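There are 2 protein chains.
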Amino acid sequence: MNILCTSFPSRDLQQDLQEKYPDHQFHFQNHLEVTDDKLACADILITMGEDFTIDHLKQAGSLKWISCLSAGVEKLPLQAIRDRGVTLTNARGIHAIPMAEYALGMLLSHVKCFRQQFVTQQKSQWEKKYPFQELHGKTLLLLGTGAIAKKVAQLAAAFSVEVLGVNYSGHAVAGFERTFPISELLQILPQADFVISILPSTPATKQLLQEEHFQAMKNSALFMNLGRGNLFADSILLKSLQTEQIAAAVLDVFHEEPLPADHPYWQLENVTVTSHTSSYSANYMPKALGIFERNFDQFLQGKQSELENIVDLTRGY
Amino acid sequence: MNILCTSFPSRDLQQDLQEKYPDHQFHFQNHLEVTDDKLACADILITMGEDFTIDHLKQAGSLKWISCLSAGVEKLPLQAIRDRGVTLTNARGIHAIPMAEYALGMLLSHVKCFRQQFVTQQKSQWEKKYPFQELHGKTLLLLGTGAIAKKVAQLAAAFSVEVLGVNYSGHAVAGFERTFPISELLQILPQADFVISILPSTPATKQLLQEEHFQAMKNSALFMNLGRGNLFADSILLKSLQTEQIAAAVLDVFHEEPLPADHPYWQLENVTVTSHTSSYSANYMPKALGIFERNFDQFLQGKQSELENIVDLTRGY
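Note that the protein sequences, when read in sequence, are chains A and B.
Residue numbers for the first sequence follow the numbering used here, beginning at 648 and rising by one.
Residue numbers for the second sequence follow the numbering used here, beginning at 648 and rising by one.
The hints are all genuine.
Intra- or inter-copy, both count: the list cannot distinguish identical chains.
Below 20 Å or equal to it, Euclidean Cα-Cα: the simulated PhoX-like pairs (lysine-lysine) are:
1) 934 to 785
2) 775 to 934
3) 886 to 865
4) 776 to 934
5) 853 to 722
Don't read these hints as lab results, they were simulated from the structure.
Being a predicted model, the structure only gives us computed values, none of them experimental.
Take the sequences, apply the hints, and build the full model.
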C-alpha cells in the first residue's frame with residue numbers, strides 16, 4: 648500500500664509509522680504538486696487538508712482514503728471526493744482538550760487583565776488599578792455543542808460559570824444548563840457575559856453573525872472565535888468593537904490566514920489575535936497519527952466503511 | 648461607637664455602612680498619622696494592615712478591635728496588640744476565588760504561551776511555532792493547603808491535573824491526591840511540573856526555600872509565588888532562572904512592594920510580574936466589608952470573642 652503524507656510529523660513519528668507497517672510504503676513530503684508521481688500511485692493520502700484540490704484528485708487515480716489530520720475539511724473538494732467514492736476521515740476529538748484549555752485560559756486572562764498587566768510589566772511599572780472581575784458567577788454562551796464545546800462547558804462549570812449552548816435544533820446536551828435552537832440566538836445573546844463560537848464552516852454557518860447579533864450582546868461582553876473566520880464579516884466585528892457595542896474579542900481564526908500584517912485586528916487593544924494555534928499542543932500529532940493508525944488497521948482488514956471519524960461529505964463535517 | 652476606617656471603600660459602600668449603623672460614627676480617611684485625634688477615640692479600626700504601627704497603638708487608648716480587610720497581617724505589631732488585649736480579625740476566605748482564578752489563568756497562560764503570543768501580536772506577526780503544552784495530565788505541587796490552596800486544587804483537578812500538597816504535619820486534606828509534611832519537601836519537588844506557594848509570612852516560612860529547593864525542581868518547572876515575598880532570597884530565584892534550573896516564574900508578591908523599577912524581575916522574559924493583584928476583584932471590598940458587618944453585629948452584642956476570622960496573635964495567621 649502506498650501512503651503519501653503531506654503533513655510533516657517529527658522524524659521519530661515518521662520512523663514509528665514505517666516500523667509499525669514494514670510492508671507498506673510511506674512517503675513524507677511537505678508540499679504537493681499536481682504532477683507529483685507519488686500522487687498517481689497513492690492509495691492513501693495523509694494531509695492537513697489545505698493542499699489538496701480537485702486537480703490533485705484527478706491525478707490520484709488509486710486514491711481510496713484521505714486521512715485529514717485536522718478537523719476542518721472545508722478546503723477539500725468535498726463534492727468531487729464524494730463523487731469519486733473516496734473516504735474522508737478527519738481528526739475531530741483530539742482538539743477538545745487543547746482548545747478548551749485555550750478558551751478557559753483566554754477567559755481568565757480577560758477577567759484577570761493579564762494582557763494589560765504584561766504590557767505594564769514591559770514598562771517596569773507597579774500598577775494595581777485594573778478592571779478585575781471574576782469568572783465565578785458569569786454566563787457563557789457556546790455556539791456549537793459538539794465535543795470541543797462540551798469540554799469547554801465542563802471546565803467552565805468547574806469555575807461556577809453558567810453554561811448555555813446553541814445548536815441547530817436546540818436539543819439538550821449533557822454539561823449545558825440550557826440549550827437553544829439557532830433560531831433563538833438573538834434572544835439569548837443579551838444574557839451572556841462571554842460568547843464563544845466553535846462552529847465549523849458549513850453553508851449554514853457562513854456569515855451567520857450579522858450586525859444585529861453583536862448589537863444584542865452586552866456592552867461588557869467578550870466574543871471569542873475558535874471555529875472558522877467566515878462566521879461574520881470582519882467589518883461588522885470591527886464596528887462593534889470600535890463603537891464599544893462589545894468590550895473585547897479573542898480571535899484565533901480568520902477569513903484569510905495568515906492574517907495580513909496590515910489588518911486592523913492586530914493593533915486593537917481590545918482584540919487578542921493568535922495564529923490559529925488554539926488546538927496546538929505537543930500532544931497533537933501523536934494523537935492525530937494515533938487515529939490514522941487505528942483506521943489503517945481497519946482499512947487493511949477491508950473495513951473501509953467502518954473507519955473512525957468518517958466525514959459526512961454532504962454536511963461537510 | 649467610633650469606627651476609624653483607613654482603607655477607602657467606594658462612596659457607595661461608605662454610605663451603605665453609615666446608613667446601616669446610624670447610631671455609630673464612621674470616619675473614612677486614606678492615611679493615618681500617629682497624632683490623629685480620631686485614633687485616640689477610635690473603638691474600632693478598619694485597615695488594610697499596612698499603616699498601623701506600635702506607635703499608633705500607643706495613641707489608640709480606646710481601641711478594642713482591629714478589623715483588617717486583607718489576609719496578611721504580618722506588618723501589624725502582633726505582640727503589642729496581643730499584650731493590649733485588642734482583638735484582630737482578618738479577611739481570609741474571600742481571597743480563594745480570585746486567587747485560584749489567577750493561579751489557573753497563569754498556568755494556562757504558561758502552557759498555551761499567551762504572553763509570547765501577545766508579544767508577537769504587538770509586532771503584527773503570524774506565528775504558529777511555540778512550545779505549546781497541555782495542563783491535562785501535569786502535576787501541581789501546592790505549598791500550603793488552606794482555603795486558597797484548596798480552591799486551586801479543586802479547579803486544577805477539573806483540568807485532570809494531579810494535585811499534591813505540602814503542609815506542616817503532612818495531614819490529608821480533601822481535594823489533594825497526596826499531602827506531605829514540610830520536612831519531605833525536597834523529596835517531592837522533583838515530581839512537580841508546577842510549584843505554587845500560597846504560604847503566609849510566619850517565622851516558619853521566612854527563607855523556607857533555599858537554593859537546593861530550586862535545584863530539586865524540574866528544569867521545565869514553573870514556580871509561582873502568591874504567598875509572601877520573604878519565602879526565599881531573590882538572588883536564589885534569579886540564579887535558578889538565569890541558569891535555567893527552572894523554566895519560568897510568576898510572581899505576585901515581593902520583599903519590597905512596590906517592586907523597585909530597576910529590579911531584574913521586571914525585564915526577564917521567563918518571569919511574569921503582577922503588582923500584588925492576584926486577590927483583586929470587583930467583588931473584593933463588598934465581601935471584605937461583609938465580614939466586617941457580620942462581626943460588628945456580634946461585637947455590638949458583646950460577643951467580641953466570637954468574631955469571624957480572629958487571628959491567632961501567636962501564630963500570626
